[in-house]
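J.: Chains as they are written, first to last, in my numbering: chain A, 1 to 495; chain B, 1 to 292; chain C, 1 to 424.
Don't read these hints as lab results, they were simulated from the structure. Among the hints, erroneous ones may be present.
Claimed, not checked - If you want a taste of the chain B side facing chain A, the calculated C-beta under 8 Å gives, among others:
#, residue
1, A107
2, G115
3, P140
4, F227
5, P265
6, L272
7, P280
8, D281
9, V283
What the hints assert, rightly or not - Calculated from the model, a selection of chain B residues having no Cβ within reach of chain A, i.e. all distances over 12 Å:
#, residue
10, I53
11, W60
12, V184
Everything numeric in this text was worked out from a predicted model, so none of it was measured. We treat Cβ as the ideally placed atom computed from N, Cα and C, and that holds for glycine.
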Amino acid sequence: MNNVKNLRTFPGNRIIWHAVIVGIVWLLLLVLNNNIDPLYSSYLALVAMYATAMFGMTILVGLSGQVSLGNGALMAVGGYVFALTSMNWQTVPIIGWQWNAVWSMAFAGLGGILIGGIIGGLAARLRGPYLAGLTLGLAVGVPAITNRFPELLGGENGLMLSVPYPAGGYAALDSALGSSSDSSSDGTVDPNSAVEEDQYAELDLSEFEQGADLDADLAPEDLLTDDDLLTEEDFGVGDQLTDDDLLTEEDFGVGDQLTDGDLLTDEDFGTGTDLGIDGGDLGTDLEADLDVGVGTDLGTDPAVDLTGITDAFDSGFIIERWQASMAIAVACLVAFAALNLVRGRQGRVWKAVRDDPVAAAVVGISPSGSKISAFIVSSLFAALAGAVLAQILTLVAPGAFGLGLSLSLLVGIVLGGRSSLLGAILGALLLVWLPELVDGLSGDRGWPEQITNNAPNLLYGLLVVAVVLAAPGGLTGTVRAWIDKGRGKTRSPLS
Amino acid sequence: MTNFIDYLLGGFSNGAVIALMALALVLVWRSTRMVNFAQVGQAMFTTYVALTIQQSTGNWVLALLVAIGAGAILGVIVFFLVIRPVKNSDSTGAIIATFGVLIALQAGAGMIWGGDPRGFIPPVDNAGLEFAGRIWPISPYDILVLSATAALVIGLTLLFTKTSLGLSMRASAFNPEVARLSGVRVNRMLISGWAIAGATGAIGGVLIAPASTISPNSFDILLVFAFTAAVIGGLDSLIGAVTFGIGTGLVISLVSGYSDSGNAPIVALVLLALNLLLKPDGVFGHHGARSV
Amino acid sequence: MKFKFATGTVALGTAAALALATAVPAQAAEPGVTSNKIVIGTTTALTGPAAPGYKDVPAAAQAYFDYVNANGGINGRKIDLRVFDDQYNPALAKKGTTQLILRDKIFAMFGALGTPTHSAVVQDLNRRGIPDLFVNTGGASFDNPKRYPMTFPAIPSYVVESKVMGYYMAKDKALKGKKKCLFYQDGEFGENAKVGFKAAGTKFVTTTSYFSGQQVAPFSAQVSKLKSAGCELVVVFGVTSATAQLLGTSAKLGFAPTWMITSVGSDPSVLKGSLGAATGPLLKGAYVPSFLVPAQNSKNAYVSQMKVIAKRAGLEWNFYTYFGINTAYVLSQALKAAGKNLTRKGLVKALETNARDFRSAAVVPMVINSKSHQGLTGYYMGQYNANSDVERLTKYVMLATSSKSGKAKQATFRPAAPTKKLLP
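Just chain A, same shape as in the assembly:
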């Protein structure tokens, strides 16, 4: 312990100290990730992703005192830059190196810095609710932009990324399916190409066009008349069907009365012998027609051979673990940067401006510069988190980066405690854990549908209120207030 204390007294060694701390945590998380059920790895990935974004919230909301309702939109910027660069660029511009996901992450971060600078410049002039208003506008307006550029940004459905494999690259999925036509030369697959190209070969529907008068009906000048319209009776059951063959209310709870098996025949059903081909014949005839039409034996078509999928899946690659380790890596790197910023000079600058901008200006700190830098850092972190989320979802779509995400980040940071990075981690855990908790509490108890459906949301809303009430300043703030109280100090939970 003494050595540790000595280490910490040297400010020059602070960075090394932080590196050691983060390194140990990183290692522990990786060990954890490799030893838990993949389900918990998937939660771990989400926690790490949220934590990455919320380290930025700690700096922006906690240290710099700027309330943002729009960091989800900044995540969207990172996610879309990640998706667009990894889908469209095979080599690094200018340098010409082989492209990979790390480059996309770097560009996502760059996008975050740029947009953070622009928004931060605007935001630095604003106070409190006006900033909230601007960022709320961002949270709604930025996802709406994707619909303006459907060709580039995929519109409402977004852009799909292929599932990455550690070995064999992005092509593994398709080769497992026995298809190579979608693979580009570098082994990447653009899943969106499926939507771009006209993959829908016209089906051979000729079998349905049997019937004497249909050719006439299809002639362009021939128009529909009332005679061509069915009436309700054409769908009716008809007299031939006996009541015993129909399900009635009496059938419930008396399953033993049912005799097995025998189906109604088509002769028993309907009145419309004039309606063209008979339903019963249809089934068998069509099967024959189809075989001729498609020209392959359905049973042995290589495209239906599903062995490849399961083989690929069984090869030991667990995607949840991969996603979690990727998310943890980003979170740890961001945590390292955040620790150094928060514990260093810049952290004191942000706090000074938050607490007293006038005094800060007197000692030579630019209040707006400080606010802009906080926005840039938080935007960078948000963009990196967005790139991580894009990889977890293998998708970027406006619905995933909506107002709900922005508000979640603020809820998380307020509940966890906004003045320390630990609060961000706690908040990230809460964001993932609380929905599980309320689902567990409000599981199906045989209540009516509309109660059961809404119970988790009701509990979630009440829990958010309860945590704010019980722990003003968030969990970390409250715990620290208790500790200080125990030591006889008094300070606001927010300081």
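Once you have looked at the hints, place chains B and C on chain A.
T.: Here is chains B and C on its own, set in the frame of chain A:
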């Protein structure tokens, strides 16, 4: 040209709806210097109450009165249970708490009334008026909504400028310590502020509903536009909220008419950003407003 | 100074908590299948803006499975449906699907809702070889057996629907010469519709749109635009709440064209909830494509029996409960056809070879083979009467694919009778 007039008239009646919700946000701001994100949730909930009354009695005026009462009570409940315990120690926490209330209210409404959209029969004819040989997109009901909005903003302005209650409320919000020393019962003033805001939101909800449908989430988008309007207007300004509420309605209407409706949120964002760039405290705002 | 340590401690504590929570249950030969149970999962919007209507679908499917389970299940196995509320958010859909796969160990996905939501999980489901049956969306991208061999859409695509609308507008004497206009939802929905209309060669005098959420206020600008353009036939591609607002605003402005409304935006029971008594007159004469026997046709053996199931479960009879029961009925037949020795591959093969023999209330053929998972291939055109019931149906159906250029074709098809007591 008739198109342009149509878009303007349509925008006016839509804007009145945004203006009413923006008014409620401004009232809470005036009372407690915070933004109440549960406002649309409270309005939604009381509108359901009004719908229930109207469907059982067929009396629209009674339904409106009950909604106003329920809105005031709900506002006071939210203030007492959530805002007052948190507000002084943690204003950002108070905002988050209002989100919690919003989620809970939406879920509660879903539990009680189900999630499917429900209609609300207007008390007066909602058919567009016929004039100069054509039907214009403004109905007697729209005129009722616009008049109610105008009456509310005038009434509230008078309340805040001419009555001792209103002046005390403003004093309590601006500087509770000084107000208390001057003999104002600050707590009572805060409660009044939340009650009046809740009632205003309730009136807004009941007036919106016949022109729309009501469902637990149906007012969500209103929150965004109303907040935008209130912020551009200056948050402290009743007239600003109404002016820019109607202005937002006009922008949406014109953008939807002349280009794609999907451009409307983006145009609103750009206008908001430009506005805040030029007027960081809103158009009608005072520089003295304190931060959250 | 303290919290640097605390960071590590809490992470460790979390690690321990998560590790303790870990449990690896014994793997069955095929996940989700035991001698007496089949576990299936669905993700859908039970709450939030997208929930109206769709929240009824899983409840209706559950009602049908309850009925089947009470009657011995399928090949002796009872169906256990797990539902996750994704609120139409892709991130939640991903989380829910991961839970269903890894925690609930589902055998197959069933009836997942929405294109953006399902886009986040479709690759993963296929990679794992999990059957992904009857995805509830008209977005065409999931009909791609080469890329998604396990995935099967539940409804004809929006492109198919707009092609059918375009074909019918060109054929019907009463509609052929009318000035046609398009009103659509900004985004995927409307874009898909435009692809189909382009293929069908439909020319619109003007088009206008709304953005999702805008229906909270009247569509005055949009209706004014349609009205001043002199539209006589307006095609509506929007959700039901938008249809309600459009009809209401049009009535207000004295605009009464002939309407043609997409099947997913025209549920009369939801419209009645919004428009009240005005629904009948406003909806009368509106054209609506449909792929199921009309829901109010109680004389039909499918409708009458499915209504009984809905009623016994205490569900309101509307398009969504009808659709939910019908889809569950088809799934049950597929599970039965896959045989006693139920495997995931077996289920897919059963669909690809036997789908045409499956009974359902659909009045269009179900085309599923190794080349196409399109499923239901078209629509008939109906019209609403004054009671908001669909009548005056076309005697033939119109079939189409999701291709960019192919047109709709006329065909005859009549559904086979349901199985006895509607059991698989």
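J.: Which earlier hints turn out false for this structure, listed by number in ascending order?
T.: Hints 3, 9 are the ones this structure does not satisfy, whereas the remaining hints hold.
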